[in-house]
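Line by line, the protein sequences are chains A and B. Residues in the first sequence are numbered from 0 upward in steps of one, following numbering that gives the first Met the number 0. Residues in the second sequence are numbered from 0 upward in steps of one, following numbering that gives the first Met the number 0.
Since the hints were made in silico from the structure, they are not lab data. In this text, all values refer to a predicted model and were calculated from it rather than measured experimentally. Treat the hints with caution; some may be incorrect.
[What the hints assert, rightly or not] Only some residues are given here: those of chain B computed to face chain A with a beta carbon under 7 Å:
# : residue
1 : V18
2 : M103
3 : D114
4 : L118
[As the list claims (entries may be wrong)] Sample of chain B residues with no beta-carbon within 12 Å of chain A, all distances over it, derived:
#  : residue
5  : A2
6  : A7
7  : S21
8  : P31
9  : R32
10 : G49
11 : A125
12 : T134
13 : V135
14 : E136
15 : P148
Positions of the beta carbon are idealized from the N, C-alpha and C atoms, including for glycine.
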Amino acid sequence: MRALVIDDSRVMRNILRRTLADLGFEIAEAGHGREALDLMEAGLRPDVCLIDWNMPVMDGYQFVVEVRRHPGWRNVTLMMVTTESGHNQIVKALAAGAHEYVIKPFTPDAIAEKLQLLGLVPQEVPA
Amino acid sequence: MTAVLDPAPLDVLTLLEEVWESFVGADEPLLPRSLTPGHPETRHHAPEAGAWWSASITITGTWSGTVTIELPATAAEAVTRRMLAVDLAGPDDVADAIGELVNMVGGNIKAALPDPTSLSLPVVAAGRVAHPSDTVEVCRVEAVWADRPVRVLVHAHHSTGRDHA
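If we strip away everything but chain B, and leave its shape as in the complex, we get (with noise of 0.2 Å):
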């Protein structure tokens, strides 16, 4: 079986920052952010502050895992209130706008997986969301927008035939 590689941290942030330039706007940029190892962010379960927002979307195929989306709620909401063009945007706004947002990243990292794999319907959550344990964290990416982090999470699943780019 011929290993397929998981998404590289570098073409993740490629097209979060093509999404997030196309509707929530290129005035005020994504910017990637480095965390140095050890910094308590970069652990799976780290205690951070607030509400938070996340989003997940699952790619079944050649290549099996999970794309995540996490950002504070006042993140959530000020993008949620830029993609609508709203001065106020309610819980359902913000999930249907994460939830817009991890499937056009989720969708374009499974382009450039090999054929056939297949989308599902995004999955969001008010809080943080917990990742199977038949699952592991194949890349990350940190960014940085409106002084608030943005964070992209990918999983593959141990069964897929991967390797790492």
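So here's chain A without its partners, still in its complex pose (with noise of 0.2 Å):
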């Protein structure tokens, strides 16, 4: 499994990337929603993608709804993993194509049983 990690913090970016890791994904990076869409449009296929949604460039929303229109992408998995926790957003959110949403702070385990719960890893994760 791939997965596509956009957050336009290196810190953030650097634990999404270690818990990922624990879980057996090879990452991938970027720091706002165009230079994802760049990486994409050159041939990345991300399994699932963890999206930011307050970024400088492109937000993670506009992100989401760029790979919706695309014929090409629309078994990609998408996830918000952000700090906008009001309801209106993550409706708005979810209406314009993520599959899920998690708000940060988060836990790995929070992390796990999401992409557990979307079948992108196994239930038992090796330790």
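Once you've looked at the hints, go ahead and assemble the two chains, each given alone in its own frame, into the complex.
Shown next as structure tokens:
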């Protein structure tokens, strides 16, 4: 499985990278939505994108909209990982095509649980 | 216009503790710290020894203001090393880490406010940020981590229809 982590914070990308690596993912990273689209247009095919909302250049919501417009990317699972925890934001992101929503701060277990629910990691992960 | 409550210190402390436990670690907890009235550190421009880092984020909408985290450089560097799981962290790493901390605290404060509100990107400074003259401090949380102070300040814009929690 391949994950694309999209967050303008290098620290947050680092934290998510460690979490995902422990779950067996190959990981690519982007600092904003436009950079992530560029990677995907260049051929990167992630199984799941973990997406921050507030980023410069292109925010996470716009990234979700752009991915869902692309017929070749319909199988990419989109998971918001953000401090935007208002009900309206959650509804807006899910309506645009995000599959899951994780609110920061999170624990590695919370990320693993969401990925298990999405069928992207087995229920039992080796320690 | 219905007044919007300012963030309450206990709520902000709870958020700060959650962020700290998730990303800095639970083995060395962040603890609340009480300062008696008149303590030099309770004054806005109190002189403080050593270098500091600050990160601030702006909330705009039904309640408008800023959320700021301040901590000594030694604490900021130690927090960054823990968040990155590295032995050495440079200034860019510290700026990124402290910015993400205030992003999480500010984002969760915003979540408790009525819509519509929006959150800015964080602004980070080596030193202490100056707060605009049209804002007033409405909440202050003092904590200590690894024997070093950690502070969260919330400033509200005068024009916001607000009340104290």
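Okay, the hints, checked on the actual structure:
1. V18: With a minimum Cβ separation of about 5 Å from chain A (threshold 7 Å), the hint on V18 (chain B) holds.
2. M103: Holds, because the Cβ-Cβ distance from M103 (chain B) to chain A comes to roughly 5 Å (cut-off 7 Å).
3. D114: holds, 5 Å
4. L118: Since the shortest Cβ distance to chain A is 6 Å, the answer is holds.
5. A2: About 20 Å separates A2 (chain B) from the closest Cβ of chain A, which puts it past 12 Å; holds.
6. A7: holds, 17 Å
7. S21: At roughly 4 Å from the nearest Cβ of chain A, S21 (chain B) sits no farther out than 12 Å, so the non-interface label is violated.
8. P31: holds, 18 Å
9. R32: holds, 21 Å
10. G49: At roughly 23 Å from the nearest Cβ of chain A, G49 (chain B) sits farther out than 12 Å, so the non-interface label holds.
11. A125: Its Cβ never comes within 12 Å of chain A, the nearest being 16 Å, so this holds.
12. T134: holds, 21 Å
13. V135: Correct as stated: the minimum Cβ-Cβ distance to chain A is 24 Å, above 12 Å.
14. E136: E136 (chain B) is indeed farther than 12 Å from all Cβ atoms of chain A, at 22 Å.
15. P148: For P148 (chain B), whose nearest Cβ neighbour in chain A is about 21 Å away, the distance exceeds 12 Å, so it holds.
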